[in-house]
Amino acid sequence: MKARHKRLGFLLVGLVVLGAASWLVFNALGNNLSYFFSPTEVAENKVPADHVFRLGGLVQPGSVERGEELTVRFEVTDNAHTVKVAYTGILPDLFKEGQGVIAQGRMGPDGVFVADEVLAKHDENYMSPEVADALEKGHQKGIADMAKGNKPL
Amino acid sequence: MIPEIGHFALVLALVLVLIQSFFPLVGAQKGIASWVAIAKPVARLQLLFTAIAFACLTWSFLESDFSVLYVASNSNTSLPILYKVSGVWGAHEGSLLFWALTLSVWTTAVTLFGRSIPPVMMARVLSILGLLSVGFLMFMLFTSNPFERLVPPPLEGKDLNPLLQDPGLALHPPLLYMGYVGFAVPFAFAIAAMLGGRLDAAWARWSRPWTQVAWVSLTLGIALGSWWAYYELGWGGWWFWDPVENASFMPWLAGTALMHSLAVTEKRGAFKAWTVLLAIFAFSLSLLGMFLVRSGVLTSVHAFASDPARGMFILVFLVAVVGGSLALYAVRASKVRSYVRFDLVSKESALLLNNVILVVACAAVLLGTLYPLLLDALDMGKISVGPPYFNAVFIPLTAPLVVLMGIGAMARWKRDSLKNLWPKVRVSLVASVVFGVLYPVVVMQKFDWLAAIGMVLAFWVFFTTLKVTRDQARGRGLGGLSLSHWGMAFGHIGLAVFIVGITLTSVYSTEKDLRLDVGQSHEMGGYQFLFKGATHLQGPNYSGDRGEVVITREGEQIAVLHPEKRNYRSGMPMTEAGIDAGLTRDLFVALGEPLGSEGAWSVRLYHKPYVRWIWLGSLIMSLGGLLSMADKRYRVRARRTAMDKAAVGATV
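Chains P and Z, in that order, are what the protein sequence lines are.
So in this note's numbering, spot 2 of the first sequence is number 2, and the numbers just go up one at a time.
So the mapping is simple: this note's numbering equals the position in the second sequence, first residue as 1, plus 1000.
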């Protein structure tokens, strides 16, 4: 085998691996990203209708309804708007009213967010940056709405 | 008083590492023998002071000295002694101190075990390690001092995060840090070799055992973390592709590539420049992991520090280390070209491809981990990249690697041919396809394509490794094989066991969240889970509920499990799963919440076949690493070179 052929061989193998990897990465990234939205963005209809996304905010105090069965209903708020959420399964340990939460799932036809995964913060003093940001924006929006004479929710 | 001694010892250690990093390096470049000679004693003295600091912090924990802010935030008087000790590295400041201590221990170990290394090389290595220590100690003293006082001291401390109050977690961070910091040693060797302009087989031989010991610690650390997540988090999963897990997995991938590439550099003198680059990558990824975990940019259990000054410091440190070493590489790499030829079909090629795949897989994980951070930083929306991304990319990329393992272990150095390889792999190939396809049908009693593919790969690695071992042992017997061959064999068979574990667990696990009334039972995987109700529970620093679940199979009692739901005094709730472990299956019960007033609970049940094999495989892999580290060629050469040096010294 000539040196030139050998180099070509190595090059080809390298290109095949890289090509396969890039194809896999782009394919997988396109299908598996989920965007984060706040309840305000849900109210403004900014969320995808047919795609999974993440909804974050605080669990509205007094909104958690646990029935006899496994399905739990609660509301997520950013202090400007709230979204109803339904989740069937066992909630994480740190799920609590008035605390931060992130739910992953999609909007149901009746305007209830159907979560297939619920994440709560991991320790007492910690709030996920996304939720903190959403609350901050919700807070500002509430002030702006009041200034415009709209009633805050 | 004691905390001040600790603080003072840290300052002294910083002064010492400044000396350790400056004088030997300059001495080595300028040829000043006395400056070179101080490297070893200073490095050892530095260990002494860092150890004093560490001992002082441990003492403060044991004595519950709540006037120390760090102790008050992470310990209290009712905490069991084990967790008082593990609390020392349970949060940000202490884990940094532990990190610095580990680095000094490694540095001193290099001075003790590296007797064969010429003094100038040793001086360079120690000063590079010293520079890294400077970074860590400055970070600690300027942004995260573990000895900061709290005035007035509280009567009682807060609690250590209950998630961390677990024997597995007492060991998980030290092992991980040993791994992370361990990669600093091959990194320092690579930089020192580039500075000296001498990259030869000897350099690779010095680096190899250090790389292996770091790799072994990292493997054990990751496996322990995975095991802990499995039984402690109550979700029953063993790997979540969480950014923090990825942070430890990326250096592992780069380190695995480095280990294999060092083997080629040592035995054949090839891939020198590439090996140097991998050594830089492995350590840079360790630092990146630390940045991701400590800077608070991640949403995770581990992100307990969220102070921008800290993030900034680590970022600058990271840029300095990565940028500096890559700049040096750019200047020096052209000089370290390897002039060794090998054919397209050869062991070298197989190992090169192994490296390419590992690095590409590592890059894909890096991309998935950093992409959300990048988009957020550019204000392009908040996204998360879920586990499906990682599975969809990582598994197809690494499956060919497993096929390659069998061929690579078989192939000859320098030149081989497919015609020569085919008869060697023929039997293994047929056997692995037959066993791999039959296993799901006969043992698991349900055929599944993914399971069959996974099992074929696992059997393939197993049979080819056996075949290589038999061929190598021909004429000298199994006892005549070198430890480094056994290291390879165990490493690869460990991977096969691991593949069996992940494949069968992923395909055949059943999971169910359901409501169980007292006396109600549920059937899963041939087992009956009977819920007997829950009773009140009182522990030393928590209270809660304790359920009882009786598991039977065909009328015969298998186990009685007691899953718990605890409320710690700090106000944090915790789920303690009840697990019946077995070699071929785990049965797992976790309590959710009480439902209604009749004593019913929501309960999570799992039947997980072969899940133990995941950790068993990791253990076998680590054993492989230890065996090849103990190979006598590292010791014999060390002794011989020491004798040569003594001889030279005598004639001078």
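Be aware that a few hints might be false.
Unchecked claim - As a list, the in silico EDC-like pairs of lysine to aspartate or glutamate whose alpha-carbon atoms are at most 20 Å apart:
hint, chain 1, residue 1, chain 2, residue 2
1, Z, 1512, P, 50
2, Z, 1532, P, 68
3, Z, 1382, P, 136
4, Z, 1382, P, 69
5, Z, 1512, P, 44
6, P, 46, Z, 1593
7, Z, 1382, P, 65
8, Z, 1446, Z, 1523
9, P, 46, Z, 1376
10, Z, 1512, P, 117
11, P, 84, P, 65
12, P, 96, Z, 1266
13, Z, 1414, Z, 1266
14, Z, 1512, P, 136
15, P, 96, P, 65
16, P, 6, Z, 1448
17, Z, 1382, P, 133
18, Z, 1382, P, 93
19, P, 96, P, 50
20, P, 137, Z, 1545
21, Z, 1532, P, 69
22, P, 96, Z, 1063
23, Z, 1424, Z, 1343
24, Z, 1512, P, 93
25, P, 137, Z, 1376
26, Z, 1532, Z, 1513
27, P, 46, P, 69
28, Z, 1532, Z, 1580
29, P, 96, Z, 1523
30, Z, 1382, P, 117
If you are wondering where the hints come from, they were derived from the structure by calculation, not from laboratory data.
### Message
I'd like to know which numbered hints this structure contradicts. Please list them from smallest to largest.
### Response
Violated hints: 1, 4, 5, 6, 7, 12, 14, 16, 18, 19, 20, 22, 27, 29; rest satisfied.
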